[in-house]
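Engineer: Here the protein sequences line up with chains X and H, keeping their order.
Quick note on the working numbering: the first sequence kicks off at 1 and runs consecutively.
Quick note on the working numbering: the second sequence kicks off at 1001 and runs consecutively.
Don't read these hints as lab results, they were simulated from the structure.
All residues carry an ideal CB built from backbone N, CA and C; glycine is no exception.
Check before you lean on any hint, since a few could be wrong.
[What the hints assert, rightly or not] In silico SDA-like links for lysine to any residue, alpha-carbon gap of 20 angstroms or less:
id: 1; chain 1: X; residue 1: K45; chain 2: H; residue 2: L1039
id: 2; chain 1: H; residue 1: K1071; chain 2: H; residue 2: L1039
id: 3; chain 1: X; residue 1: K45; chain 2: H; residue 2: K1015
id: 4; chain 1: X; residue 1: K42; chain 2: H; residue 2: G1028
id: 5; chain 1: X; residue 1: K2; chain 2: H; residue 2: Q1041
id: 6; chain 1: H; residue 1: K1044; chain 2: X; residue 2: V19
id: 7; chain 1: X; residue 1: K42; chain 2: H; residue 2: K1071
[As the list claims (entries may be wrong)] From chain X, some residues computed to sit far from chain H (all C-beta separations above 12 angstroms):
id: 8; residue: K45
id: 9; residue: A67
id: 10; residue: D77
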Amino acid sequence: RKEVEQDPGPFNVPEGATVAFNCTYSNSASQSFFWYRQDCRKEPKLLMSVYSSGNEDGRFTAQLNRASQYISLLIRDSKLSDSATYLCVATNTGRRALTFGSGTRLQVQP
Amino acid sequence: EAGVAQSPRYKIIEKRQSVAFWCNPISGHATLYWYQQILGQGPKLLIQFQNNGVVDDSQLPKDRFSAERLKGVDSTLKIQPAKLEDSAVYLCASSPSRPGETQYFGPGTRLLVL
Chain X
1 RKEVEQDPGP
11 FNVPEGATVA
21 FNCTYSNSAS
31 QSFFWYRQDC
41 RKEPKLLMSV
51 YSSGNEDGRF
61 TAQLNRASQY
71 ISLLIRDSKL
81 SDSATYLCVA
91 TNTGRRALTF
101 GSGTRLQVQP
Chain H
1001 EAGVAQSPRY
1011 KIIEKRQSVA
1021 FWCNPISGHA
1031 TLYWYQQILG
1041 QGPKLLIQFQ
1051 NNGVVDDSQL
1061 PKDRFSAERL
1071 KGVDSTLKIQ
1081 PAKLEDSAVY
1091 LCASSPSRPG
1101 ETQYFGPGTR
1111 LLVL
């Protein structure tokens, strides 16, 4: 079983739509969680950290459910520029290296 | 602030040949990581350095891969001999040593083994 699992998609949505991605992790020792964004043929870049209380950054909302070992990312009012692969990431703080899911591809269409 | 630098950006070799990649982390970053990203997958950690010491190399195929970080700054990753399944993007990342710090990735080296 993969340590971090995501639906690979692709998610094809129209501009302005709301889209949600889910992710599960298997290592209960994981302590920190992130969403990274990766554009085609580019390196991953941090989108946002994920906290148990939930956090929001503009049109993006991330949630963590430790009991279910589940992470989500909600994107509201999708833009064409949101088209990318979204990588769910878990890490054991003591280890610091990131464990990535395989990514979920989003394509926002005009 | 300059980002993580990597070279070369692209490399094509034949199987059984050797190849080396170079990474220069962000100035002052003590932790350096090498990840392998195969097409359609997320990056997978190969090795993690803290200054010039290895913290985690549990997923490094040591029969063919080696890495070093002399003087705790630049790092090189070598594959010898390369196999077809080594075709991937090799990403270098660096971070300061404070807990919870963000990792910054370089542009990667795209390797194709024929």
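Engineer: Next step is simple, just say for each hint if it's right about the structure.
Structural biologist: Evaluated hints:
no.: 1; hint: X:K45 to H:L1039; result: holds, 17 angstroms
no.: 2; hint: H:K1071 to H:L1039; result: violated, 33 angstroms
no.: 3; hint: X:K45 to H:K1015; result: violated, 31 angstroms
no.: 4; hint: X:K42 to H:G1028; result: violated, 24 angstroms
no.: 5; hint: X:K2 to H:Q1041; result: holds, 11 angstroms
no.: 6; hint: H:K1044 to X:V19; result: violated, 27 angstroms
no.: 7; hint: X:K42 to H:K1071; result: violated, 29 angstroms
no.: 8; hint: K45; result: violated, 7 angstroms
no.: 9; hint: A67; result: holds, 22 angstroms
no.: 10; hint: D77; result: holds, 26 angstroms
Consistency note: the structure conflicts with the earlier hints numbered 2, 3, 4, 6, 7, 8.
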